[in-house]
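Asker: Please work from the sequences and hints to get the whole structure.
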Amino acid sequence: MARLILMFNKQVVKEYPLMKESVTIGRNEENTIHINNLAVSGYHARIDAAGNDFILTDLQSTNGTFINDKRVVSHKLSHGDNIIVGKHVILFVGTGAEAGEDKPAGPKTDLDRTMMLDTAKQKELLAKQKESTQVTEASGKIGVISFIEGADVGEVELKKKLTKIGKADTSEIRLSGLFMPATAATISRRPSGYVITTMGGKIKVNGEVLKDSVALKDFDTIEVGKVKFQFYQRETSEKQG
Amino acid sequence: MNTYVSPWIGAILEIKSSGITDVGLKREGNEDSYSIEDSLGLYIVADGMGGHLAGEIASKISVEMINKVFRKWIDKDAGDKEIFGQPDSSLSRKGNFILGGIRLANRVIYELALEKEEYHGMGTTVVVLLVTPSLVIAANVGDSRIYMVRDGEIERLSRDHSIVAEQVEMGMMTKEEAENSPLRHVLTRNLGSSEEVDPEIFEIEPANNDRFILCSDGLTDLVTDTELLNMSENEPDPGALCSNLIDIVLKRGAHDNATIISVDLTDIHKPKNGIFKNLGFFIEDMIISVKRNIKKIIH
Numbered sequence: 001m002a003r004l005i006l007m008f009n010k011q012v013v014k015e016y017p018l019m020k021e022s023v024t025i026g027r028n029e030e031n032t033i034h035i036n037n038l039a040v041s042g043y044h045a046r047i048d049a050a051g052n053d054f055i056l057t058d059l060q061s062t063n064g065t066f067i068n069d070k071r072v073v074s075h076k077l078s079h080g081d082n083i084i085v086g087k088h089v090i091l092f093v094g095t096g097a098e099a100g101e102d103k104p105a106g107p108k109t110d111l112d113r114t115m116m117l118d119t120a121k122q123k124e125l126l127a128k129q130k131e132s133t134q135v136t137e138a139s140g141k142i143g144v145i146s147f148i149e150g151a152d153v154g155e156v157e158l159k160k161k162l163t164k165i166g167k168a169d170t171s172e173i174r175l176s177g178l179f180m181p182a183t184a185a186t187i188s189r190r191p192s193g194y195v196i197t198t199m200g201g202k203i204k205v206n207g208e209v210l211k212d213s214v215a216l217k218d219f220d221t222i223e224v225g226k227v228k229f230q231f232y233q234r235e236t237s238e239k240q241g
Numbered sequence: 001m002n003t004y005v006s007p008w009i010g011a012i013l014e015i016k017s018s019g020i021t022d023v024g025l026k027r028e029g030n031e032d033s034y035s036i037e038d039s040l041g042l043y044i045v046a047d048g049m050g051g052h053l054a055g056e057i058a059s060k061i062s063v064e065m066i067n068k069v070f071r072k073w074i075d076k077d078a079g080d081k082e083i084f085g086q087p088d089s090s091l092s093r094k095g096n097f098i099l100g101g102i103r104l105a106n107r108v109i110y111e112l113a114l115e116k117e118e119y120h121g122m123g124t125t126v127v128v129l130l131v132t133p134s135l136v137i138a139a140n141v142g143d144s145r146i147y148m149v150r151d152g153e154i155e156r157l158s159r160d161h162s163i164v165a166e167q168v169e170m171g172m173m174t175k176e177e178a179e180n181s182p183l184r185h186v187l188t189r190n191l192g193s194s195e196e197v198d199p200e201i202f203e204i205e206p207a208n209n210d211r212f213i214l215c216s217d218g219l220t221d222l223v224t225d226t227e228l229l230n231m232s233e234n235e236p237d238p239g240a241l242c243s244n245l246i247d248i249v250l251k252r253g254a255h256d257n258a259t260i261i262s263v264d265l266t267d268i269h270k271p272k273n274g275i276f277k278n279l280g281f282f283i284e285d286m287i288i289s290v291k292r293n294i295k296k297i298i299h
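Taken in sequence, the protein lines are chains F and X.
Using our numbering, the first residue of the first sequence is number 1, and each one after it goes up by one.
Using our numbering, the first residue of the second sequence is number 1, and each one after it goes up by one.
Just so you know, not all the hints are guaranteed correct.
What the hints assert, rightly or not - Partial pick of chain F residues on the chain X-facing surface, computed with a CB cut under 8 Å:
no., residue
1, Asn9
2, Gln11
3, Val12
4, Glu15
5, Asn37
6, Lys161
7, Thr186
8, Gly193
9, Met199
10, Lys202
11, Asn206
12, Glu208
13, Leu210
Since the hints were made in silico from the structure, they are not lab data.
C-beta atoms are modelled at their ideal positions from N, C-alpha and C, and glycine is treated no differently.
Answerer: Here it is, written out as structure tokens:
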């Protein structure tokens, strides 16, 4: 089945299977693809099934509808087309591609080949349309450790990719104490989340002695020697790298 | 296979590494590039895209450029202002060298692609691994990957920049759906398509017997993470592991170029935190507290 993938700021917002005969795109809530953005007209464009093909029609929208980088009034969609509506991009995924058939018509795309979404072109195009838009900032989560006992540090955001905890000057979190190692433990931010690893210090996570490393969950309690703290994640407006 | 004993100050790192690339059974040319620099602890795989020879050129530039500038910045112990682009405060110094190197390679490929018509639309993925006795840095752009095998488990140290991977992360698609999606090769980031690039970089502490596997999607399209783990666990030699993996890829059709590097940390000697060091800290603590008390008395 052919599909439409709605994207904003390179992020996928939603996917729509093309089940109906006709699909409309616009700011009005009655549209199949409803985009609440001022750069988008109330009824901006529609897509109609015509045999095995899909035809896009611009509904005389204020800011126009673009296919890849060309403004269009009507256009027969081919697999991989980027439909640009305001600052949103809708990617068209054709049926031929889905079933792995070779379509004779239209530009053939070798799906085993790696392709790049043409964001440079999109950016150029979007820069031309300086409409006031509601931009939702991409926000991420950042780990925080909050001290409970044994150290007067309060809360520390884990801003580094690798946070070292210990006595050494180079530690992001410096703890004192006679038997505190130079580096007692590290907390690393990985693709899967935050992970604490012992580096020779006696570390307990939720009361259990840590052998090597463990993934941290919100409100895990961590003890490093006599120091006790809690881990959690909170929203941040800062962009994460 | 290479064995390298790296003489870092106050620590020793013993590395065994091996790399292999194969054109596969369907492609005419090999657009992948890779490099192994045991003396730097730097390993790179890049998977180029773009017609004619452009993909091959893009991947080659990224590998050469990152190697060159990383070595230069290490040699002169470059400061924040000497590296390319704004440094990222969440990263170590060496992490910023890699970040700067990837950004610079992106800019060079981007500008070359604009300049010459035959290079228009060229781009490349890149994965970079740096190993030192105290730090392992993994960086990536695109869908080439870095895996870490530690204590019988496999973990990705890279994040795929593809439409399907982003959908999986947002919970809109299952991993199985992603593997079969026609969009699985559509990237959201690469080197060469725009002026700026935002690489993914992770930093972790190394451990003895860690194994890192860098690869292009020619491997991961055909071999699952679990299969990769099982094959890795059964083959202690990195060179043999790489050729076993290529054999499997070829048996399964090898529709794309495949490149694999295996880096094994066979031995890390760190300065031990012995009783004398603890005693040193104890004396340091005493001196600091005596100083504080003297200050209090003076005031």
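Asker: Could you work out which earlier hints the structure fails to respect and list their numbers in ascending sequence?
Answerer: 1, 5, 8, 10, 11, 12, 13
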